[in-house]
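These protein sequence lines map, in sequence, to chains A and B. So the number in our numbering is just where the residue sits in the first sequence, counting from 1, plus 40. So the number in our numbering is just where the residue sits in the second sequence, counting from 1, plus 84.
One thing to keep in mind: the hints can contain errors.
What the hints assert, rightly or not - Examples of chain B residues toward chain A, derived with CB under 10 Å:
hint, residue
1, R163
2, L196
3, P208
4, W211
5, I266
6, D308
7, Y427
8, T430
9, K431
10, P436
11, E437
12, A440
13, D441
Hints listed in this document are in silico derivations from the structure and should not be mistaken for laboratory results. Since the model is a prediction, treat every value here as computed from it, not as a measurement. Built from N, CA and C at the ideal position, the CB exists for glycine as well.
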Amino acid sequence: MLLRVFLILLLIPMHSWANPVAQRGKALYMKQCAECHGDKGEGVEDEYDEPLYGDRTVVDLAKVIHDTMPDYAPEECADEDAQAVAAYIHEAFYSAEARARNRPVRIDLVRLTAAQHAQSVADLVASFRWQPKAEAARGLQARYYDDRRTRRDKMKLERVDPTIDFDFGEASPLPGEIGEEAFAIEWTGSLMVEETGDYQFSVRTENGFKLYLNSDTDTPLIDGWVSSGEMVEPKATVKLLGGWAYPVRLEYFKFKDKSASVELRWKPPHGVNEIIPTTTLRPTAAPPVMVLQTPFPPDDRSLGYVRGSAVSKAWGRAVTSAALETADHVARHLRDLADLPRRRSEAPENETEKIQAFCETLVSRAFRRPLTEEDREHFVRQHFCEDTPHDVAVKRVVLLALQSPQFLFPELSPAADSWKLVSRLSTYLYDGLPDAQLRDAGKKGWLGSADAVRKEAARLLDHPTARAKVRTFFLHWLHLDDEHDLTKDHQLFPGFDASTIADFRQSLTLFIDDVVWSERSDYQELLLGNDLFLNADLANFLGHGTMTGDTFRKVSFDPKARSGVLTHPYLLARFAYHQSTSPIHRGVFMARQVLGRSLKPPPEAIEFDDAHFDPSLTMRQKVTDLTKSRACMNCHSIINPLGFSLEHFDATGRYRFRDRHAPIDPVSEFGTQDGRSLTIRGPRDVAVHAAHSPTAHRGFIQHLFEHLVKQPVNAYGMNTLDTLHQDFVASQFNIRALIVEIATLAAMHDSPSNQATSTDHEPKNL
Amino acid sequence: MNLRTSNRRQFLRDIGLSTAALPFFSGLPSLRAAQASGKKQRLVIMISPNGTVPKAFWPDATGTDFDFKEILKPLESYRDRMLVLHGLSNKVRGDGDSHMRGMSCLLTGKELFPGNIQGGSHTPAGWCSGISIDQEIKNHYQSREESRTRFGSLEFGVGVPDRADPWTRMVYSGPNKPVGAIDDPYQMFNKLYGQVQDREHLGSILDDLQTDLKRLKGMVSAEDRQLLEDHADFVRAMETDLQAAEEQKLHHAAPELEPGVSDTNDNIPEISRMQIDLMVNAFANDMARVSTLQYTNSVGQARMRWLGINEGHHGLSHEPDDNEDAQKKLVKINTWFAEQLAYLVTKLSNTPEPGADGSMLDHTTIVWTNELGKGNSHTLRNIPFVLVGDGFGFEMGRSLKFDDEAHNRLWMAFAHGAQHHVESFGNPKLCQGGALDLA
């Protein structure tokens, strides 16, 4: 693509080694260092094969060179010489800026990731179904009947039940109106889930029931209609996508059983078997959602974010299998999706034309742009021959369209037009296809200005699927999106069981949601806030007063003790061992994710072996001893102080005053990236530093950009990060404003108003 | 080669089940060579509801020279392949009315659990507390390498209502574990041949996909082109896989189903035929050795308008013996069921046994039975049992009369016929005397 070539040219910056100090440094480097480190610091095999890069300042670097280099005679490069070499290598290849300059990145053609694939297919099918409205009410609509069947004339009570968790015993649910020997209840509504994954549903009852969930037919997910009066809890697992509402219906009855009770339960991803909470239930209906069940191979995340950078045979098979699954779904629901009368006998005369038109719309929505005449023929019309039944033709259309690169590679079309713009917005903000309003904008081209695009982005960000994507980002940023066993030693940490762990995860996501979706959406609040969301169990576990009930409430802590996500027990438990804390894991996490510092992998892998140490030592003493060598301290001078600052929190995130019998010492001196020394007395000092550190901000912005756009931020120009940083500061660190800004900037980077070069690429296919 | 021609489609349609590499091609049966040891055996259990009309059903004579009453007439040409067993009763008692026990205890020989489902009389009940004989024999076959098949058993239905309760379920994989019949031939076709069909659709669009890829490759920069070339390679590999699938063919091609036969009362004759075709085809391709064929359900109300009968079957079955019109109609209805059996028998008899001598009927035992002995009395005595075919090596060509023996003993004989030597089946108290001696 021509545009990309221009972009790359623009990326090559002016840099000045005209500076005489650096020139002298270059000469010295070539003479004394290049033999082992390579001409460009790339490393030399059998000498020093690690490339030279890092985030030390020039001053810091000069000190290391002065002290240690060349390793056969450190005195040969000292003082001003060391400063000159440091200045040269910092500028030429050591710093992050130099690396970015030397390896200019480009916007690669990428395919849909597995998550984008699933979301796009769900969007595609949903675009032909009715759209549920946002619903403020919670719970399920309930109808109670004085009969074992749901006979309309026997309905005695209609209300909204917050949960389905009833034990009627031998009594009637409504004494006086409903008999106790035989009655029926029907609950209907929808279920909104926030996370993508496998959900296990179950109904616990001794009576009869049928549970329908995301059912596109009359087949129940679980059929327990016939029962023997014994308590059972049959289960069924389905995959659901986060940010969607799914239709749910539970039909329940009692007939002559001794007692009556019913519980609607689930086990969500990362959760435990529990009564489905009120917050996820809606009393209004929703249409079924097409959720791909085909498993996809994991996507590349070698750069720290998930992206569709490579195709493999396994991916090719998954695409085919997913296309077959979708084709089957569309063919089965053709009459519904194409808006045809249900009975074939009432088929309109122009049915073939109607189905063809439906197919054309479907293909164009999958491709995120209108079809050309040639496309219409190729993708749709040629498949409708006289001897081909409609459902077969439709299946072929879907199979072809969903395996076409035009669906799989959203950026494929070279036209930088309004369709490209809207498809980028939907891809960046919720991984899916443009909704009705975006399609209208694509068609009529009314998204001309950056402000108009921002407004659209802000609108889309309110959509549940966009919120789900933002939530996924935070879990990814905090390294909580992988499967990680958080269970601890039961003897040392009684009460930290699966249910407590699941509750803490929910507590963390509640805190993040509370910050991100509040008016201020303040990134600094994420680090500095001194609230935790607790229910009775968690408050009890943390020894924090007495609370009652399962409902989470915001509880304020002493700001000296706790600080935002950094001290959230879920995170602290994630970065800890089975029996003890891990200052190294906590420190590495804070350095990389929270402070945006770059750390190299350790020169040699040393495992922390607790048994190896004198048991009377504190964790801090053990880690200090383990990492005391100069080679280790290159990075551990950054890692250890951060990790030690959290030593007041045990392996479950509970506050402690002692490690074994020694009092906790959380205080250290810490070298900031700009060369200052900072005394850290606890997590709040780290949080305050991060909240005001441009390096930390830029790290956060870069993570967020890459999560949303799935491209390296530098590919959009060397200044992109600066621009976004300025906006971020100006908005008082408003996260949502940042998301809107990222989406707008990335979506418009090559739009005609931004660049004069795109005139050659007038859309031809409209 | 132009993939879009009908030849290409025909070619793909003829592609057999294979070991092709794509995952959605996996799990297909491989064709077994003839069994090295032991004769291949199959079991079919066919059930129709609401009892029979005894006087138009049971032969008067016993022994080899028995007579054919009106209902069994369609089977007369198979006299020497048949065994008509009179005097067997479903003696299971306990919870549930006769219809519920007639259906859910017929193949299990065991009581229903107490429960919340109320019949027309008697106490309410739940699911059956035992496994059904077809599943027992299926498990036996599946446990041994030489008789293991892809599905083990297939449960066919015709006009079975879309609800699960003791009236609609006769197959149980264990206590409290009813197995529903598939009464939509297209759904059954999908289960049996869906992967073949998917491949057929896939094959028909591969050329188009390559064309699309070729065209789009021109649109992207050199750096990005590799990704699309890789993608095109997979599509080519898929085509090779599909062609490799040609190497292995189905012994019998999948039947061509007439499209668009909806699951309605009036289509029952058509659906019955389609299901039997699918069953014989699945047997020929050795996808299963056990099958059930369930017509409607206990208390089934099929309206056999194609026989000139507008009343529902169950309603008619309640009419007293002296209602001649009703009797005539019930004879007609039961004769129609016998015709379905005859269609199945003929089909098996006309199909050579793959990899062995003789016909498929020589390797198959079919039993046609009923939930009740007689409709208007709801009796569970003298349940009809008509056996056809030589799967289990019984001595055929006879009419036998027993003196009110528990039908559990018949299922024991079936298990023994399948080389599965059980000591009892269902309720052990109903197994006194052991397996019926039918050899």
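Chain A contact restraint for E437/B - C-beta distance below 10 Å | violated (34 Å)
Taking the least C-beta to C-beta distance, is A440/B closer than 10 Å to chain A?
-> violated (36 Å)
L196/B as chain A interface residue, shortest Cβ-Cβ below 10 Å | Status holds, d = 9 Å.
Given D441/B as an interface hint, is the shortest Cβ-Cβ distance to chain A below 10 Å?
-> violated (40 Å)
At a threshold of 10 Å, is the proposed contact between I266/B and chain A supported by beta-carbon distances?
-> Nearest chain A Cβ about 12 Å off; hint violated.
Should the interface hint for W211/B be scored as holding, given a Cβ-Cβ cut-off of 10 Å against chain A?
-> holds (5 Å)
P208/B as chain A interface residue, shortest Cβ-Cβ below 10 Å = Cβ of P208/B sits 5 Å from chain A, so the hint holds.
Given hint P436/B near chain A, where the shortest CB pair must fall under 10 Å | violated (32 Å)
R163/B as an interface hint toward chain A, with CB separation required under 10 Å = Because about 42 Å separates R163/B from the closest Cβ in chain A, which is outside the 10 Å limit, the hint is violated.
Is the shortest C-beta separation between K431/B and chain A less than 10 Å?
-> violated (26 Å)
Hint check: is the beta carbon of D308/B less than 10 Å from a beta carbon of chain A?
-> D308/B check passes; min Cβ-Cβ to chain A is 4 Å, inside 10 Å.
With a cut-off of 10 Å, does the beta carbon of T430/B approach a beta carbon of chain A closely enough for the hint to hold?
-> violated (30 Å)
Violation of the numbered hints given earlier is confined to hints 1, 5, 7, 8, 9, 10, 11, 12 and 13; the remaining hints are satisfied by the structure.
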